[in-house]
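Chains as they are written, first to last, in numbering that gives the first Met the number 0: chain P, 0 to 133; chain X, 0 to 133; chain H, 0 to 133; chain G, 0 to 133; chain A, 0 to 133; chain L, 0 to 133.
Source of the hints: derived by calculation from the structure; they are not laboratory data.
Honestly, I wouldn't trust all of these hints.
[Unchecked claim] In the DSS-like style, the derived pairs of lysine-lysine whose C-alpha atoms are separated by at most 27 angstroms in a straight line are:
| no. | chain 1 | residue 1 | chain 2 | residue 2 |
| --- | --- | --- | --- | --- |
| 1 | A | LYS88 | A | LYS25 |
| 2 | H | LYS25 | P | LYS25 |
| 3 | G | LYS59 | L | LYS60 |
[As the list claims (entries may be wrong)] So, partial list: chain X residues that the calculated Cβ filter (under 10 angstroms) puts toward chain G:
| no. | residue |
| --- | --- |
| 4 | ARG16 |
| 5 | PHE85 |
| 6 | GLU128 |
The beta-carbon is built from N, C-alpha and C at its ideal position, and this holds for glycine as well.
Protein chains: 6
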Amino acid sequence: MFTLTVREHIMIAHSFRGAVFGPAQKLHGATYLVDVEFRRTELDADGLVIDIGLASQALKKVLEPLNYRNLDELPDFAGQNTTTEFMAKALFDRLAGRIAEGELGEAAKGLNGLKVTLWESHIAWAAFEGALPA
Amino acid sequence: MFTLTVREHIMIAHSFRGAVFGPAQKLHGATYLVDVEFRRTELDADGLVIDIGLASQALKKVLEPLNYRNLDELPDFAGQNTTTEFMAKALFDRLAGRIAEGELGEAAKGLNGLKVTLWESHIAWAAFEGALPA
Amino acid sequence: MFTLTVREHIMIAHSFRGAVFGPAQKLHGATYLVDVEFRRTELDADGLVIDIGLASQALKKVLEPLNYRNLDELPDFAGQNTTTEFMAKALFDRLAGRIAEGELGEAAKGLNGLKVTLWESHIAWAAFEGALPA
Amino acid sequence: MFTLTVREHIMIAHSFRGAVFGPAQKLHGATYLVDVEFRRTELDADGLVIDIGLASQALKKVLEPLNYRNLDELPDFAGQNTTTEFMAKALFDRLAGRIAEGELGEAAKGLNGLKVTLWESHIAWAAFEGALPA
Amino acid sequence: MFTLTVREHIMIAHSFRGAVFGPAQKLHGATYLVDVEFRRTELDADGLVIDIGLASQALKKVLEPLNYRNLDELPDFAGQNTTTEFMAKALFDRLAGRIAEGELGEAAKGLNGLKVTLWESHIAWAAFEGALPA
Amino acid sequence: MFTLTVREHIMIAHSFRGAVFGPAQKLHGATYLVDVEFRRTELDADGLVIDIGLASQALKKVLEPLNYRNLDELPDFAGQNTTTEFMAKALFDRLAGRIAEGELGEAAKGLNGLKVTLWESHIAWAAFEGALPA
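Okay, chain P solo, but in the shape it has when bound:
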């Protein structure tokens, strides 16, 4: 298997509901480093997993509505604890949607899977990985 990974970041505010979250129930925030790993079994005709320019552009578009925002106020996440692991899945779904719609180009249809990792600090990070529909 081949993979290509690109890194971006966002800066968000949010709060959590539930005693399990302790002091993180208060409004606070995070810098999330966002690593997206694109996976495929064979390289495309140019010797690539994915056009890195289109990949970065798609990732920026997916992050843009979240960056410099309070996630508690976004309708998409209403009633949801926007934990790091939940956000990894949310970003996975949004990227998978853009790939399916052809936004990353024809070649991107050869992708088999994605992994989205969010670093919330130098000592804690979460990820979601899964297959893409053939």
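Given chain P, work out where chains X, H, G, A and L should sit, using these hints.
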């Protein structure tokens, strides 16, 4: 699959037996960065892989009897080369035991697997990963 | 000159006022990695710049009232843009105060200076450094 | 599964052909950090995934003909875009060959797989992973 | 003193002349991580060392004519060994020029100094630092 | 000022005497990442701070008698707490000696200063910096 990873570290002394180890047969030591990745297929009711507070606490308890110690003197490792890869498995087993005993909470019973990575320097690291009993 | 540095982190929310801040005028947040460098010209009697245990404890106490908080709501920062560089200075002042009060021990009176660095992401960080009163 | 990973680096020049590469069609270069992960299901008699000395030596030998070179001029890569993902596979194949020839020792025949990761910058990296013949 | 640092990168080819350079006399390349530290003694009216948006834009403009290029072919560096330390100074000079011309805004005239660090790998880096004219 | 920095590492065992050290009074160990920064005001005739080959070689020679050793048993450190900050100075002195003896070449006599940084973990490091005799 979802994962959550936390990082800790320990500072230990040890020595190895066997010509393959060359100068590392002498008593020396290491700072091990310890990354523990918790894995599960579905998030729990709070939107979590694991309560990060309980996870960090369990990891600290597992590391505590090793930290600031000479591993050559610990009965558990008698007659054993405490290589980085061996120690990754030893920490995996101890954490798996604590999860089975319920120390990381009821929700932790939904965990499917663990990966323990030990960094012995900026240019070498080892890991053990495996499934947890259902 | 000798230095010793310790790293901690906090997760905060805040917003900025002023057109120069662009989208960061909205409520957002950050994970700040906080590196505190302690400086002195001669080591103390134990061969130390500072007792690392007392240093970490003092840093945690200084960070605790900021961690998991919305800085916009803290009276100390009322009417202030809590930029990364401003926060570096605020932490410097608070640590210098604790050193002066003797909280880091007698030996800490031999410290000559401090540098506080705050990483807001993997691609941007700010610092404040200065002398300590003799 | 157990893994052991070692890190090296090379500094190379190259250029790409194809409009998809944009400005990278011009002759430029890269520092590649090269991480090689060795995989096996059981440790060998010394408690090792692989003799780290032999592993590092083999990796250096594989990198040596590429280091400080213009990849465009190497006959092995004639007519080939030496993308990061392509180079990960090329290094995988060369290491797998050396393992099969016994250069990493008898014990290395117990290896099940390899993963080669090449970092082209702090924000982009590629990898190839696969099984080794039994 | 206050500082703010931003990180970018470029990918270049070059070669060196002189026996001291050994194998690096051949055409090869590098990924340079470029860290630019802006220094001033007092924050500006917005609580900033420098408008990070303008700073990043100026850095990108300074790097653009070097990125994806063979430095051996650039007239500005004719007859010059473009070592990492030399390039740090070259970037310092170009940034200092843009600050003097007002491209980073009026407030940037309060800057006292710059430090430019170029990482050529995870184990080697070089820097040039100096004062800015008042 | 120009600087060039190279990174190496050692793995040592040691123990400390004095209640201030708490659990570190027991025999333990550390991986020290060792960064040596060479400083000079003007580049040499080759456009270098220092011949990086000679610099790395000298650093390896200085580290070799410490690597894979128990520092408690080395006569040079008898009766001494080999703290991270103390070791930074010890390495500074040994490197300065080799520079004075001409081991890093004639050009190295133009060096003005050194900084030696030892990372004992991802969250703690110490350094010693000073001038070199003209």
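Verification of the supplied hints:
1. A/LYS88 <-> A/LYS25: Holds, because 23 angstroms separates the two Cα atoms, which is no more than 27 angstroms.
2. H/LYS25 <-> P/LYS25: Holds: H/LYS25 and P/LYS25 sit about 18 angstroms apart, inside 27 angstroms.
3. G/LYS59 <-> L/LYS60: holds (21 angstroms)
4. ARG16: Where the cut-off is 10 angstroms and the nearest Cβ of chain G is about 9 angstroms from X/ARG16, the hint holds.
5. PHE85: Where the cut-off is 10 angstroms and the nearest Cβ of chain G is about 5 angstroms from X/PHE85, the hint holds.
6. GLU128: holds (6 angstroms)
Of the hints listed earlier, there is not a single one the structure fails to meet.
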